[in-house]
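Colleague: Chains as they are written, first to last, in our numbering: chain A, 1 to 222; chain B, 1 to 222; chain C, 1 to 268.
I should point out that these hints are in silico values taken from the structure, not numbers from a laboratory.
Bear in mind the structure is a predicted one, so any value in this text is a computation, not a measurement.
We put the CB at the ideal spot given by N, CA and C, even for glycine.
Keep in mind that the hints are not guaranteed to be accurate.
As the list claims (entries may be wrong) - Here's a subset of chain C near chain A, in silico, CB distances under 7 Å, partners left out:
#1 A34
#2 L99
#3 M149
#4 Y172
#5 A173
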Amino acid sequence: MSAVDPDQDVSSLFEAPPLAEQERMIEAMLFATETPMTLKQMAARMPHGSDPAEAMVHLRKRYEGRGVHVAKVGEGFAIRTAPDLGFLMSRDVKDERKLSRAAIETLAIIAYHQPVTRADIEEIRGVSVSRGTLDLLLELEWVRLGRRLMKPGRPVTFVTTQGFLDHFGLESARDLPGIKELRAAGLLDNRTAPGAALGEAEDGAEDDAEQEDQHSTQDEMF
Amino acid sequence: MSAVDPDQDVSSLFEAPPLAEQERMIEAMLFATETPMTLKQMAARMPHGSDPAEAMVHLRKRYEGRGVHVAKVGEGFAIRTAPDLGFLMSRDVKDERKLSRAAIETLAIIAYHQPVTRADIEEIRGVSVSRGTLDLLLELEWVRLGRRLMKPGRPVTFVTTQGFLDHFGLESARDLPGIKELRAAGLLDNRTAPGAALGEAEDGAEDDAEQEDQHSTQDEMF
Amino acid sequence: MQHDGLPPSAAPMPDAGDVEARVAAETMVVDLGAYEGPLDVLLALSRTRKVDLREISILELAEQYLAFVEEAKRLRLELAADYLVMAAWLAFLKSKLLLPPEPEDEGPSGEDMAAHLAFQLQRLEAMRNAAGRLMARDRLGRHFFARGMTETVTQNRKVTYSATLLELMQAYARVKTRADYEPLHVNRGEVYTMEQALERLQHIIGDFVEWSTLAAYLPPGLRDTAAGRRTATAATFAASLELAKRGRVELWQDDYDTPLKMRVKPAS
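Just chain A, same shape as in the assembly (with noise of 0.2 Å):
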């Protein structure tokens, strides 16, 4: 309660909120809460002399009918979807998950070379890239299959799709910073590069420091 303004204060020294705006009260904290809350718990929150049971016989009333509707839930309140519309939520329903390390290395290639066979994949990668991980990635639409090289064995390609840009809020894989441009923007641990600080200040110059690193860095990675 650091934030009350002071006004707020006095007056609740004399009397309560009106109605309606004990009304808005309960709303809001119910609209925000992650657990049914108590009448108790929603009047510990309120100025001094609210009284959320009459607030809520109006709140509960005012939903009557709506799309969400104010149930009792045990001791608590919760607002809860009218039951008839539970239709519209049934796709809400997610389990997600992180992708594995794996993963999201193969993509990042993908990608960043696109089109690009299996065999380039665990060139780049050091490892060999398992069924699994592809087929994943081919599950999420975030990976298709692209043309087939005109080499020998024509192996087959991956490239990105638009659901992969929608996801990572890309307008196309163009704009995906190169190894340099990472690095150029600080995005890009470049402290583990040797020889990277033979900088010559010693001074708490931060961001002096910083550049010594990128210019020596860029210079030797590229």
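Keeping the supplied structure of chain A fixed, place chains B and C upon it in accordance with the hints.
Modeller: Just chains B and C now, with coordinates in the frame of chain A:
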């Protein structure tokens, strides 16, 4: 709207649901998600023939002055608690990593000058972008990559995201505080030092070869 | 851009303004570490004047900055190269502003240069103010809030995978720079040691969630020759036993004469 189920198809032969019913539907959907939804996303879930745009006008009006309201966030919509009631929720505020001054300024520069290159950011701040600044903004998903500029070096650009608008309660980047005045004062002009096009084009020039390769193939794909 | 009325020949005298400037500069030198580059220092110096940036005298500012740099040198504070470059540029600008332009002089005039510097300072200050106003806004998760209880209907369960743009770029950078930093095993002579195999396996094992034959774990550089395969297989086999003992991997063989398979031990 490719994944319409057969039942819905049949009903759509008859008519779209009444407007009041559509309003309930978008209300339920907006209450169920944390992230903003576009009208298109809503329409994709609603029975065929629905017009969420019209229902949205009604819904927004309905929530005016209440404890929660329907905010426009870029192309999307989201229900958010009224800012004046934040004090009720203050104990739920999660500790946030403190942003460095460099990160805050960089964010402001990207927001007000977007699309903006790393060189632009450095020109405006007068120091090189240090590691940890852009990564943080990307990690917070307040910033993403924009299109490369059509100028020598084809530099990568940065723009702000819907998450940025959502976080700062902005409808669009045009609503940034004071942006009109800044533009009128010429302070958002891309003015370079007289007589010197300082080394900007050199940056990324080496990536160019790499990038050119991508272009030839990607142009065919996208 | 206006500048003050010193006659072209006059050397800057230690007048009252200059002393004031030195005092201001000295107080700033103390917290040199707090500045983010020369532009930041210039902006801070211009603030000590308490005048509108649009009316600031760039010539005075240049002198103030040069005094600041001198002061830093006197106090034996080491200045980053950026600061010295700016000092040299301002000294050059000062001379351009003070001396009458040479007819054959190429390049921008002193006035243009000064005007641009003034613009840069105004722009930086404008961005600072804008950043302040932005951060002062009501913010999601602090002043206003999103829905706390999102719907969890347990039907149409669908697994989705997430990855962010940053992770994608970092993954690429990791792949591309790994080769630069990792010793190339192939160059280390004829024998691939168990220690090398162990180190390599610990590094890559996390990628192998599924059963893969031992051959998949061999370093690429050693797969191509029979001798390379032999030493790599022996070392990798020994290392796999060690890792199995430590509980990091699982080993499997369908039958006694079938290839040995290994995978990372699933987190339970």
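Colleague: Against the earlier hints, flag every one the structure doesn't satisfy and list their numbers going up.
Modeller: The structure breaks hints 1 and 2; every other hint is satisfied.
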